[in-house]
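Chemist: Sequences are here, hints too, so could you generate the full structure?
Here my numbering is used: the sequence shown runs in plain steps of one and ends on residue 2263.
Simulated from the structure, these hints should not be mistaken for laboratory data. All values derive from a computational prediction rather than experimental measurement. Wrong hints could be hidden among the right ones.
To be verified - Have a look at the derived ranges for each label pair, beta carbon to beta carbon:
(1) P2197 - D1949: 55 to 63 Å
(2) G1976 - D1949: 23 to 31 Å
(3) A1626 - N1594: 20 to 28 Å
(4) P2197 - A1934: 54 to 62 Å
(5) G1663 - D1424: 34 to 42 Å
(6) R1737 - A1787: 36 to 44 Å
C-beta: ideal position from N, C-alpha, C; glycine also.
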Amino acid sequence: MTGTRTEFEMTDVVVVESPAKAKTINKYLGDDFTVLASFGHVRDLPPKDGSVRPDENFAMDWQTDERGSRQIAAIAKALKGATNLYLATDPDREGEAISWHVRAALSEKNLLRGIDVHRVTFNEITKSAVKAAMAAPRDLDMPLIEAYLARRALDYLVGFTLSPVLWRKLPGSRSAGRVQSVALRLICEREAEIEVFRPREYWTVASAFTTPAGAGFNARLTHLDGRKLDQFDLNDEASAHAARDLVQSGRFTVRSVEPKRVKRNPAPPFTTSTLQQEASRKLGMGAQATMRAAQQLYEGIDIGGETVGLITYMRTDGVQMAREAISSIRGHIGEAFGQNYVPPQPRVYSTKAKNAQEAHEAIRPTDVTRAPDAMRARLSPEQAKLYELIWKRAMASQMASAELDQVTVELADASGKTVLRATGSIVAFDGFLKLYIEGRDDRSDDDESRMLPAMKAGDVLSGNKATAEQHFTQPPPRYSEASLVKKMEEIGIGRPSTYASILGVLRDRAYVRLDNRRFVPEDRGRLVTAFLTSFFERYVDSGFTASLEEQLDDISGGRADWHDVMAAFWHDFSAAVGQTKDLKISDVIDALDQDLGTHFFPERADGGDPRQCTACGTGRLGLRLGKFGAFIGCSNYPTCQFTRRLVAEDGDSETLKDGMKVLGAAPNGDEVTLRRGPYGLYIQQGEPNPEDKKAKPKRANLPRGVTADTLTLEQALGLLSLPRVVGPHPETGEIIEAGIGRFGPYVKMGAIYGTLDADDDVLTVGLNRAVDSLAKKLASIRNLGVHPKDREPVMVRKGRFGPYIQHGQTVANLPKGTEIDAITLDEAVELLAEKGKPLKPKAGSKAGGRKTAAKSTTKTAKASTKDAASAEPKAAKPKATKATTTRKTAAKTTAPAKRKAAAS
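Modeler: Here is the structure:
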């Protein structure tokens, strides 16, 4: 810090990322500080070509959006009279970048004169951690910021350079991302492995025995005729049954008993990656849901009138814990379980992260005495489950090793040529297993977990009952969120903080879907991957992407210059893109057809040609590209008009018979059905009443991720009952509802709407998530109070074309240059009276009486009143004596509105 306590006579300013965190930290620091939230990034690259300019040493343009401008204005206002600005955003690369953006935005406006700028970070939101951080500020970490700049420039250049190539050469595709494309390739290649997999038959022989003491156990055949059996040595029923009969007829004794004491050590505390994997395996939580709940636990909950963070920062590569935390955990283990569960020395774990600057403390509870059971009533179900997982893992990481007695027993017949083996284990000391057992992707039976009865060499066994069991090899499993995150971490692509967003983007672009919690590539995703591997193979290669990540780590570690890394990448990448300039659609078709032929045209059961046209019988089916994407077509076109979509709509063509599927009955007895309409699948309760045409049956659309195959009656009834009440807002008391609209799931409080993510379940979304979703929307709205006439709220909102006032269905634009924070209730009421207009134009215009003119005029009116931010253009009322006159007048009316929209 720049001086002593006397420097804080004026209020200094602290900037954090979220409003929840701001409120908590303000309580910790007291009245000497004003704590404000940046609401994440305040600036970003404009989403247009030219925002990163490689020819100018990768100069970058930055743009502050409306929300960012408002936050910068609030920070600037608070800085008046202050002497210090503390940038206390999150302790990772993105947090460092947000602090840099805040400082840069303020500097550009000359608002930092005479103000000292400090960077502070804390790994947990507790009073002691925050106070310690404020007492030890530092400068901004420029190598970390340069790594952010390089990563942002890379993602931008790949997206804005490669995506247009996709749109031109592969119609129907969305876009391509630097890391997302590699993750998509992993999913598609795994699916291709599954499709070409051919199962192999094999048999195993086992037998049940009884010891002299009368205890039973099972053993498996391992040697036959003096030779060790390999997996496929018994590959048909005849050989398996011959081996079974040989075992059945033999008399077996115990040849050896080999006991062995082994230790099993606990896993380290969670990193971002391992938390996402374990939450997926044990709790069934997706990566985005896991990170959202972890963020809420980090920012804190109210305990005895004080908001306290329950866990340390959740974006980390590190597995180490603070010395004080380890000491506290060891003490709690001794109290809760006994001293024999505390190892003699604290366990020390080392991180695998190559960049120490980005490797923070592991995810752990801030106070181990806050046991999960004591916190459960204060947390949502998701938060409670995740907190318990984090708490137990951190505790177990410092507990004593488990000790197991493993026993291997070999049985042999009189010749010694036929041998069976039995294995098992007994937990001699449970150690950390008393509290925590790590989840597993593989749920197969584990022989070593079986208990074996007491035996000794030479014991003669009885009750020999042999069986032969048929098996088939299994294809490699599809990736789950947990296994994909693990694979990405193993090969070194992406970083833990990006995994959740990467998986979310793949689903949002409809490149993949989740089926039984496993990723299945959609045909659109397979086409994109085939295109990229055919023409940009290097840039979707996991090895290349991993080496690029290493270079980014070198930048953040100060070992490389970010301009040099970018120049080397851009030189090769731009050349590769340039080579596709003369690429013909026919070249693309040939490459995709060759790569995906076995997928779209699998072998037929009758041995016939899978590409033979089923319509004309002589044509050859192949991949075609049309205006709206790829499809299957016949080579005899246009004589043969046969076409086939690559994927059935909603993936459920076989599920709906005659366009309908009965799900069951509603509580009132109405039949609940799933139907296919012109706009996709929908749910319907009951049937229309022929006597009352105005009474329509209840209907609901299917949310993303729910298919005809997975939809249950319970889900359907829940969707039909939407919107549902989530609960009252903790600050305003207003009721929050959740529902599904034309743009997807949402939460609503009065006239304020917040959007939900693709993995949010609108039927179960909780109050904390709803409040979080509404927070950003509320940041762009100001409630002035109630109107004196009807006591309805008067609000100021930000629209596409500027701020405006809204009272019910009446709106009025703010005078040019007037800030949202400057308008008063009385001024707003006066503006509504003078300039107020309906939020929506009245339907039905007498002008012209022609459909074309009415449609054009209405469209113009709608465009001008959207967000109620611009003055309504005076639409001419044409006297339509001829159809041509009406159309011309309508066109002239809409043209200025279109030009204005384009300019804005």
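Chemist: A separate judgement is required for each hint: does it hold in the structure or not?
Modeler: Tested hints:
no.	hint	in the structure
1	P2197 - D1949: 55 to 63 Å	holds (57 Å)
2	G1976 - D1949: 23 to 31 Å	holds (24 Å)
3	A1626 - N1594: 20 to 28 Å	violated (39 Å)
4	P2197 - A1934: 54 to 62 Å	holds (57 Å)
5	G1663 - D1424: 34 to 42 Å	holds (38 Å)
6	R1737 - A1787: 36 to 44 Å	holds (39 Å)
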